[in-house]
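Residue numbers (the working numbering), protein chains in the order written: chain A, 7 to 117; chain B, -12 to 100.
Keep in mind that the hints were calculated from the coordinates and are not lab data. Yeah, the Cβ is synthetic: ideal placement off N, Cα and C, and Gly gets one too. Be aware that one or more of the hints could be misleading.
Across the chosen pairs, the derived CB separations fall in these ranges [to be verified]: (1) A:G21 <-> B:L41: 23 to 31 Å; (2) B:Q1 <-> A:H83: 25 to 33 Å; (3) A:T62 <-> B:N66: 42 to 50 Å; (4) B:R50 <-> A:E64: 20 to 28 Å; (5) B:P82 <-> A:S34: 36 to 44 Å; (6) A:R22 <-> B:K27: 27 to 35 Å; (7) A:I116 <-> B:N13: 17 to 25 Å; (8) A:T71 <-> B:N44: 38 to 46 Å.
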Amino acid sequence: DAKTTQPTSMDCAEGRAANLPCNHSTISGNEYVYWYRQIHSQGPQYIIHGLKNNETNEMASLIITEDRKSSTLILPHATLRDTAVYYCIVRAWNTGNQFYFGTGTSLTVIP
Amino acid sequence: DTAVSQTPKYLVTQMGNDKSIKCEQNLGHDTMYWYKQDSKKFLKIMFSYNNKELIINETVPNRFSPKSPDKAHLNLHINSLELGDSAVYFCASSPDRAKPEAFFGQGTRLTVV
């Protein structure tokens, strides 16, 4: 699976959009971009995933650059409950469904 | 009606003991996993398993073994526990290869003393 690079930590004001970047310059054509988050003392939670088109669901939006070498997770209106570690993962869908987590970005939403 | 449930939530045991952690999913998923999260919060895949194949991370000691009595359960057995086994262990499941997003349990905090 391709490696990803994320900032170690970020802050965001409550009610504002949180934009979390991820670099995956070695991504292969059959690899998807996944985002998970882990709130303190809980298991990781799936957020969203995409291949090359931008995606949106009830939790977030995923913007993938045209060359697919980077992506941004957008939480449109961050709340205090969004404080968590956010993981960007790149993997092919047919690799035994294993997810390799990196160090992630620790997002703190500030009141 | 928890989707992926693990028991126990906390487990404290002495070195050399053998212990098991149970995991059950009521989502009807085909594939289940075990992950280990160490003190540095790094999540590492240990096993992935469906009714056809078991994929083992080669770095996992053979003291760790998954047991699946049926598709809804994947238990983790650990023999001869060592201090370095202390960590949080997460069970997860995913529907199938076409929808590979995984759903995680709440974790089991294992402390070996």
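Right, here's what the structure says about each hint:
Between A:G21 and B:L41 the CB atoms are about 47 Å apart, so this pair departs from the stated range of 23 to 31 Å. At about 49 Å, the CB distance of B:Q1 to A:H83 disagrees with the hint of 25 to 33 Å. For A:T62 and B:N66, the hinted distance range of 42 to 50 Å is satisfied, since their beta carbons lie about 47 Å from each other. With their beta carbons about 42 Å apart, B:R50 and A:E64 fall outside the hinted range of 20 to 28 Å.
Taking 36 to 44 Å as the suggested C-beta distance range, the pair B:P82 and A:S34 does not conform, at roughly 23 Å. In this structure the supplied range 27 to 35 Å holds for A:R22 paired with B:K27, their Cβ-Cβ distance being about 30 Å. Checked against the hint of 17 to 25 Å, the C-beta distance between A:I116 and B:N13 comes to roughly 37 Å, which is inconsistent with it. Hint check: A:T71 to B:N44, Cβ distance near 31 Å, so the stated range 38 to 46 Å is violated.
In summary, the structure is inconsistent with hints 1, 2, 4, 5, 7, 8 from the numbered list given earlier, while agreeing with the others.
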